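Enquirer: Read top to bottom, the protein sequences are chains A and B. First residue of the first sequence? That's 1 in our numbering, and the numbers climb one at a time after it. First residue of the second sequence? That's 1 in our numbering, and the numbers climb one at a time after it.
Hints are computed from structural coordinates only; laboratory data are not their basis. Since the structure is predicted, the reported quantities are computational estimates derived from the model, not experimental observations.
Here are the simulated DSS-like pairs of lysine-lysine, each with C-alpha atoms no more than 25 Å apart in a straight line:
#1 Lys204/A <-> Lys231/A
#2 Lys130/A <-> Lys627/A
#3 Lys83/B <-> Lys8/A
#4 Lys59/B <-> Lys83/B
#5 Lys8/A <-> Lys59/B
#6 Lys130/A <-> Lys309/A
#7 Lys8/A <-> Lys73/B
#8 Lys204/A <-> Lys186/A
#9 Lys284/A <-> Lys186/A
From the derived model, a few chain B residues whose C-beta atoms are all more than 10 Å from chain A:
#10 Thr11
#11 Leu21
#12 Gly23
#13 Ser38
#14 Asp40
#15 Gly60
#16 Arg79
#17 Thr81
#18 Ala89
#19 Gln97
#20 Phe98
#21 Ser99
#22 Val105
Where a beta carbon is used, it is the ideal one built from N, C-alpha and C, also for glycine.
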Amino acid sequence: MKFRRNRKEADLHAELQFHLDEEAAERAASGVPEAEARYAARRDLGNLALVMEDTRAAWGWTFWETLRQDVRFALRSLRHNSGFSLLVVLILGLGIGANTAVFSVVNSVVLQPLGYSDADRLVTLSSLWKSSGPGGNVSVPDFHDWHDQSSSFEAMASYSSGEIAVVTGPAAEFAREATVSQEFFKVFGVEPVLGRFFSGQELKPGSSGAAMVSYAFWQIHYNSDPAVLTKKIRMANHVLPIVGVLPPGFRFPGNIDIWVPANTIFPQPQNRSAHNLRVVAKLKPGATVEQAQAEMTAIGNRLEAEYPKSNRDKNVAVAALRDDMLKDARTMLYLLWGAVAMVLLVACGNVANLLLAKASTRGREIAVRAAIGASRMRIVRQLLTESLLVALLAGGVGVLIALAGSRDLVALAPGNIPRLADTHIDGWVLGFAFAASVLACLLFGLAPAFRAARVDVNEALKAGAARGVVGARSRLRSGLVVAEIALSVMLVAGAGLLLRSFAALHQVALGFHPENVLVMETSMTASLTPGEAIPLYKRLLGTLASVPGVTAVGATRVPPGEVLSDGAYFIDWAPTIEQITVSAPQAVYSVVSPGAFAALGIPLKRGRDFQPSDTPDAPFVAVINEKLAARAFAGRDPIGHTIVAGLDSLKPMTIVGVVGDIRQRGPVLDSDAEIYMPYEQHPIVSTQLRIVARTILAPEQLAKTVRHVAREIAPETPLKFTTMQARMSENLAAPRFRTLLLTIFGVLAVTLAMAGIYAVMSFLVNQRTGEIGLRMALGARSGDVLRMVLARGIWLAAAGLALGLIGSLAAARLLSTMLFGVTATDPTTYAAVIVLVGVIALAASYLPARRAAHIDPLAALRQE
Amino acid sequence: MHTGLDLLQGTLDLLILRTLLFGPSHGHAIAKHIQRTSEDKLQVETGSLYPALHRLEAKGWISARWEISDKGKRAKYYRLTPKGRKQLAAERSRWEQFSSAIERVLNPEEL
Numbered sequence: 001m002k003f004r005r006n007r008k009e010a011d012l013h014a015e016l017q018f019h020l021d022e023e024a025a026e027r028a029a030s031g032v033p034e035a036e037a038r039y040a041a042r043r044d045l046g047n048l049a050l051v052m053e054d055t056r057a058a059w060g061w062t063f064w065e066t067l068r069q070d071v072r073f074a075l076r077s078l079r080h081n082s083g084f085s086l087l088v089v090l091i092l093g094l095g096i097g098a099n100t101a102v103f104s105v106v107n108s109v110v111l112q113p114l115g116y117s118d119a120d121r122l123v124t125l126s127s128l129w130k131s132s133g134p135g136g137n138v139s140v141p142d143f144h145d146w147h148d149q150s151s152s153f154e155a156m157a158s159y160s161s162g163e164i165a166v167v168t169g170p171a172a173e174f175a176r177e178a179t180v181s182q183e184f185f186k187v188f189g190v191e192p193v194l195g196r197f198f199s200g201q202e203l204k205p206g207s208s209g210a211a212m213v214s215y216a217f218w219q220i221h222y223n224s225d226p227a228v229l230t231k232k233i234r235m236a237n238h239v240l241p242i243v244g245v246l247p248p249g250f251r252f253p254g255n256i257d258i259w260v261p262a263n264t265i266f267p268q269p270q271n272r273s274a275h276n277l278r279v280v281a282k283l284k285p286g287a288t289v290e291q292a293q294a295e296m297t298a299i300g301n302r303l304e305a306e307y308p309k310s311n312r313d314k315n316v317a318v319a320a321l322r323d324d325m326l327k328d329a330r331t332m333l334y335l336l337w338g339a340v341a342m343v344l345l346v347a348c349g350n351v352a353n354l355l356l357a358k359a360s361t362r363g364r365e366i367a368v369r370a371a372i373g374a375s376r377m378r379i380v381r382q383l384l385t386e387s388l389l390v391a392l393l394a395g396g397v398g399v400l401i402a403l404a405g406s407r408d409l410v411a412l413a414p415g416n417i418p419r420l421a422d423t424h425i426d427g428w429v430l431g432f433a434f435a436a437s438v439l440a441c442l443l444f445g446l447a448p449a450f451r452a453a454r455v456d457v458n459e460a461l462k463a464g465a466a467r468g469v470v471g472a473r474s475r476l477r478s479g480l481v482v483a484e485i486a487l488s489v490m491l492v493a494g495a496g497l498l499l500r501s502f503a504a505l506h507q508v509a510l511g512f513h514p515e516n517v518l519v520m521e522t523s524m525t526a527s528l529t530p531g532e533a534i535p536l537y538k539r540l541l542g543t544l545a546s547v548p549g550v551t552a553v554g555a556t557r558v559p560p561g562e563v564l565s566d567g568a569y570f571i572d573w574a575p576t577i578e579q580i581t582v583s584a585p586q587a588v589y590s591v592v593s594p595g596a597f598a599a600l601g602i603p604l605k606r607g608r609d610f611q612p613s614d615t616p617d618a619p620f621v622a623v624i625n626e627k628l629a630a631r632a633f634a635g636r637d638p639i640g641h642t643i644v645a646g647l648d649s650l651k652p653m654t655i656v657g658v659v660g661d662i663r664q665r666g667p668v669l670d671s672d673a674e675i676y677m678p679y680e681q682h683p684i685v686s687t688q689l690r691i692v693a694r695t696i697l698a699p700e701q702l703a704k705t706v707r708h709v710a711r712e713i714a715p716e717t718p719l720k721f722t723t724m725q726a727r728m729s730e731n732l733a734a735p736r737f738r739t740l741l742l743t744i745f746g747v748l749a750v751t752l753a754m755a756g757i758y759a760v761m762s763f764l765v766n767q768r769t770g771e772i773g774l775r776m777a778l779g780a781r782s783g784d785v786l787r788m789v790l791a792r793g794i795w796l797a798a799a800g801l802a803l804g805l806i807g808s809l810a811a812a813r814l815l816s817t818m819l820f821g822v823t824a825t826d827p828t829t830y831a832a833v834i835v836l837v838g839v840i841a842l843a844a845s846y847l848p849a850r851r852a853a854h855i856d857p858l859a860a861l862r863q864e
Numbered sequence: 001m002h003t004g005l006d007l008l009q010g011t012l013d014l015l016i017l018r019t020l021l022f023g024p025s026h027g028h029a030i031a032k033h034i035q036r037t038s039e040d041k042l043q044v045e046t047g048s049l050y051p052a053l054h055r056l057e058a059k060g061w062i063s064a065r066w067e068i069s070d071k072g073k074r075a076k077y078y079r080l081t082p083k084g085r086k087q088l089a090a091e092r093s094r095w096e097q098f099s100s101a102i103e104r105v106l107n108p109e110e111l
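One chain only, chain A, in its complex shape (with noise of 0.2 Å):
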């Protein structure tokens, strides 16, 4: 801009050089001497500074120059004022750096697409059951009937995944492994970046199989050699070749090393009963979800029809396998957006606050320039640009805040949110923070900018600077804290209601005692047998007892907090596989071995606990929980009686025990019916249990000698190793995330407001000096005084509460999905967030109300 005029300058030197030139010589082709003709023509063109002032007056000031002009007069003003920008820019740039911080992580979850070729037709198929609804994992019979009759899909796939042991080198580690069909990979449409896809010999069922890796997994174990092609890999006791590497980044279904063909090494159940598989689907070009729903719902109901009894109350459910992978994470991530969004709004109602206050004090200012005429909007605009500027600096410091703040997000979030670990500062995100900076800007800056460009010229310059500024300024400000209480108010029910809920969540009785135990993660699987891994364990367990400072050892196959299977049982009778239908009542199976309910804590009530001699070749046992007991037997003993479920055979189980409920599905849902039943009879299920161990000390500190033990009888197996209360804690990882953070945005909000009342209660107090004086003189008492501002401030307190609550009220619909022992209508908490931000108004007016109690009437009304 600057370059185009100085062109333009110097052209007009030169234009007017021109005609100077051009007139002396005119003249001097009269007859008139040179140096005269020169004279002549330069006294004829008059005031040259003037003409080109004039002419350049013709330009008129652009756009661009005018900014140019508001950018440094702001400039030269907020360096005049360098405190209070300074203030300004950090309550703001708090604000839009938690609201960057927060868009950080909702843009790589839920906005970003996924990183796969044509995402948006990618889809999931799952059962559709009558009683629980969609997301039920999908039996082979039923895949293969869905594949071969729908028509909507280019590719689909059915996959199961799981960790497991893995040998690529010295010993055996955990790695995360994916069963796959056949069109798994055309599903997503990638290519191998190395060697090639699993060959039609290794996808036929019970071939001994194929192994394809991530490419991770090859740059770790392999170091990027091409010649990973030439290695095996052993697992679940056969050994692999490496046919393929895939390319960066694919991981599908969630951090998978190794894929192996489906129905080859892992033999599956081909019953319609049996449910173990997920399904991923791409559309045809063109197709709808819709549209595959409809021709779903056909093919599950002729299934239905033609199966009854494995397929009855089942159909299909075709979902975007983006919702499909967001779920409850979308929810999360749009309330925690939604109440950081609130909290830039306190923010920019208390900036607009501060630059009301500030625009008393430059009333005489904008007086002046409005005088010398300059027009209303002009001012606005340079009012504005001010704004702007402040904003855009604000802009600055909040994403310096986001790119700390959003490390922090993702360390603190649960870690089962898809693709967290993705989250960073792009273009988006500082596309966010530049559009929150503005549209902050317009927030607070328009009211402040009109109010003070409608100013009265003579009134203001009349007046003393101090009182330069006419106008129901304080409405304004009253209302703007109203709006921030009611905003905080807001916030703070929110948290306070999440609080109770994550309250209760730790005060659920769980049926088991978490303190103290050590958990050890160990699999088998990658190079014994399940026979042989069964006398590996016992010694484990043997030796893991006479630890010092072990109480209790067992080994179960999932501990609280998580269920692998589950399904029918039946009492007192032995169906045969083609009796058991869907509508049979369900329980949670688990396998433990004895010594396993006294390492957690969960109680024996009737009868025993498993015991050494429950051998194979021993009568097969069980041990129920209280609720199967009240459910199946209904007062009787259910000692003796014989129970039958469908984990790994049919062959009925005598009760021996019954053991206390426990919450075996994590602290939020209720316990279910359960089966308990010993290892040592059902060792195909028994290769990767956890030992869990109670200690008399912190349960860490006897890690390092339990490796040891196990090291020396188990070398090949891979360990991992944590403790109860982490892995509960890791169940509460999303609740606490969101009351951490719903809190931190509350107090935030409320400490903004709060310094709003202080602060619209400290200006009310200056401009009314001369009223309280007067008061005073005539017989007022500081007590009276007090009172009178207090009422101001509680007044204005109470309507802010009252808006927010009815706020609250309005928006706790919203939480309910989160909410956990307490209704969105809690009155303790509605009671608390009352009298919490009752207090905390009150002391944020006294301050002011006291300086006023103290005013000396005699200097107040020499003021005046």
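Given the coordinates of chain A, assemble chain B onto it according to the supplied hints.
Expert: Quick look at chain B alone, frame taken from chain A:
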């Protein structure tokens, strides 16, 4: 510093536009042309001429380009744009209405 008639506000624009109808010309020549054709009755002041030229250029009625004058010097030549041509017609008819109105007021008996 000049003898002759003061230009009415706005008429300078009209005269400039009219002058440029003959073809591109630089500031000095425009002034001289107005002066000559008005038989020295109208004096164009430099202090008004250049602001007027730049204003007309900003409005898009005339455009400017540096060219070599017939005396071999670089000069800024102005020319009429199509927009300016339309403007000239409008200004001209307005002026004619204006001057005939004045005429009627001054010489009512001729009606």
